[in-house]
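Asker: Residues per chain are reported as follows:
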Amino acid sequence: MFVRKNVWGLRGTWPDELLWYARGVKAMKARPLATPTSWRFYAGMHGFNQALWQQLGYFATTDRLPSATAVRKFWDQCQHGSWYFLPWHRGYLLALEKNVRQAIVDAGGPADWALPYWNYFKSGQSALPKAFATPKWPDGANDNPLFVRPRYGPNGDGKVVLPVQLLDLDALNDPDFTGVAGGSPGFGGLDTGFHHGGGVHGALETNPHDYVHGLVGGARNNDRQFPGAMSIPASAALDPIFWLHHANIDRLWSSWLRPPTTHANPTDTAWKRGPTRSGERKFQLPLPDGTTWTYSPADMVDTATLGYQYDDLTPAGSSRRRVTPGPQGAGTVVGMAAAGAAPEGGAVATSRRDVELVGASAPSLAVSGADASTDVRMDPGGRGKVMAARGLAAAQPAAGEPDRVFLNLENVRGKNDATSFSVYVGVPAGADVADYPNRLAGKVALFGVRAASDPDGDHAGQGLTYVFDITRIADELHAENGLDVDDLPVRIVPNHPVADDEQLTIGRISIFRQGR
Amino acid sequence: MTPAERQRRQVRTPVLAVSAAAWLGLAAIGHRHAGGHSEMTVIDPLTLAELALMVVAMMGPMTIGLLREVVERGVPARRWRDVANVLAGYSAAWVGVSVELALVAALVRTTVSPGVAALVGLAAAVVWQCTPAKQRCLNRTHAHRPVAGIGWVADRDARRLGVDHACWCIGSCWALMLAALLVAPGQQLAVMAVASVWLWAERLDRPTRPTWRPRLPVKAVRLAVAQLQLRVVSRSSSA
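As given, the protein sequences belong to chains A and B, one line each in that order.
Each residue of the first sequence is one higher than the one before, starting from 1 at the first, in the numbering used here.
Each residue of the second sequence is one higher than the one before, starting from 1 at the first, in the numbering used here.
With the rest of the complex left out, here is chain A:
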């Protein structure tokens, strides 16, 4: 059984696991682009953009692209905005790990090498592991393959320390793997076919996955013309830290399933068999022995069956929405609170399937500069149902959640994947959002937005849609008599001012209730 370990739990800057990883990466990087077991071929399976790769220094005019057959079979395969996100990436990690391990064994290294993971949630572990932050090997040679020059960090200055206040583990509180349009996106995402990008990201994909990509990659001096490799799906897998980040995402999937929760993977045939059931592409990856591995999500449900485990499944993060077992006992999580904090009682996230629109903004909000705002016009009937549900929740907290309320940012389009912003609900016009921390609905990282905005791309330029649970905010507004209004203000606050030429727009901001 291979054991994936916390990279920060390994001894020193260059523990054996990272030293051998670097050697394996170096060997794979030395292979030509067209070789299926080369580093760049593997990165191309996540996504490929020749102009971007050239800019980042990963494609030269002398490079020979893989054959058209190989490109159609393997490249641009990664699943995003889909319930296939987690199983596809699990297979991708496994296959890359096998290739690196073989390269390690060929170089005389250990046959039990396993990929470490980066748990940025753990106290003191939010900085990039040191072996990735230096261009030098331990012997002083200046070609450390784990170091990547186009890796600019949250402030665009090359220093990668993740601001953990922007990350959270709220996703682990979601009782359902599969989401529903308008309502909860689910832990794992919505029911889709083969889905290379765009659409609604599942809860775990949204945060921390998308956020860490944008925060690690960043953009040079915050200039979007020079994104970091990790910031863009078409180049993210070129950066060796990508694999440790995704190992953590994979680990959190296992954490979500861990008892005493009753969380479960989907049992639908459409999920288990994967997109080939509807005539779409197979999940296929090249193995070190030259064969092609074809797999489906049903093959990915249990890491023990796949021959590996994690040294620790404790998520070790903070959750704004802490839950305890309720009367039904179903779909709840314990132990998700930050270390030392007692979980709140009463509120239970239960599975509900009825979703309806209760409010919507005017179409097309342009976001530029330091902030943007709009109002969500509330439908009187829907508003009444939400108020009744919030009143019931307040009167009988032990009875469980009758309803949940979600804010949707629909069809977000733009040109800068490294942009991120915070969304506030119910902050009065002209007021400072810093005075209303409890009105923060959520945070958005635009990982994948540029490709998703292409009208001739896979999803016809529909952009990305983000969903936030604002039930708590609805409770507060209800308690202050601030919910019985015709228009609810929404404020968008970017982490860095948005330039006009980013053409960042939000198609519509809407509020849905999910419940009875």
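Calculated from the structure, these hints are not laboratory results.
Label-pair ranges, simulated between beta-carbon atoms:
| id | chain 1 | residue 1 | chain 2 | residue 2 | range |
| --- | --- | --- | --- | --- | --- |
| 1 | A | Leu65 | B | Pro214 | 19 to 27 angstroms |
| 2 | B | Val104 | A | Ser67 | 39 to 47 angstroms |
| 3 | B | Ala123 | A | Leu65 | 34 to 42 angstroms |
| 4 | B | Arg145 | A | Lys415 | 16 to 24 angstroms |
| 5 | A | Pro455 | B | Ala27 | 32 to 40 angstroms |
Footprint (simulated), chain A over chain B, 3 or more residues, beta carbon under 8 angstroms:
| id | region |
| --- | --- |
| 6 | 4-15 |
| 7 | 60-74 |
| 8 | 150-157 |
| 9 | 204-215 |
Built from N, CA and C at the ideal position, the CB exists for glycine as well.
We have chain A already, so just place chain B on it with the hints.
Answerer: Below, chain B without anything else, positioned relative to chain A:
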């Protein structure tokens, strides 16, 4: 069943039922033509009704994705109103264009022999099928403008959404519609049926870069093969 699959069926089933009814209506009218009545040379009310039936029969299934979004992202109390507004915009655009296509077809048929008219239609459809413009229009049928959803502007936005979607549909499908109108009346129903299957099949493919190339609805074939394999495997395992 996932919520998404449930929603798909809730929209797909009634739309396909209405489309099937329109096909039956067309078949009945087809018999009227086969009985020796003169082919259409002017647009009379009966012809207009026939064109409307043709739009419902052939283009009905093309609205399923659009209507599903309207239902998913609209206020439940307005659902039928939103659907009606979208379909009103969509149908108005399509019926208007269908009248023009029918007049063009009638003009061509008075100019050349029936065989040549059919060939002209086929040639136009094949050439258009290979153009970047066709692919661009087909790509745009997968994207929908956001709508207000609440208040009086929601009616306006829903109609505009229907018209928008129809315009891209027309851009993608007009040549096949014309080809169906250029064949002899006795063969029109069969050609329309084949064209409908083709149009549905190509809508299953994902958007792709507009270039000059022949386009074949590959995904529909793979879907059919995959479903057949599933059924064979399922029967073998239950035997």
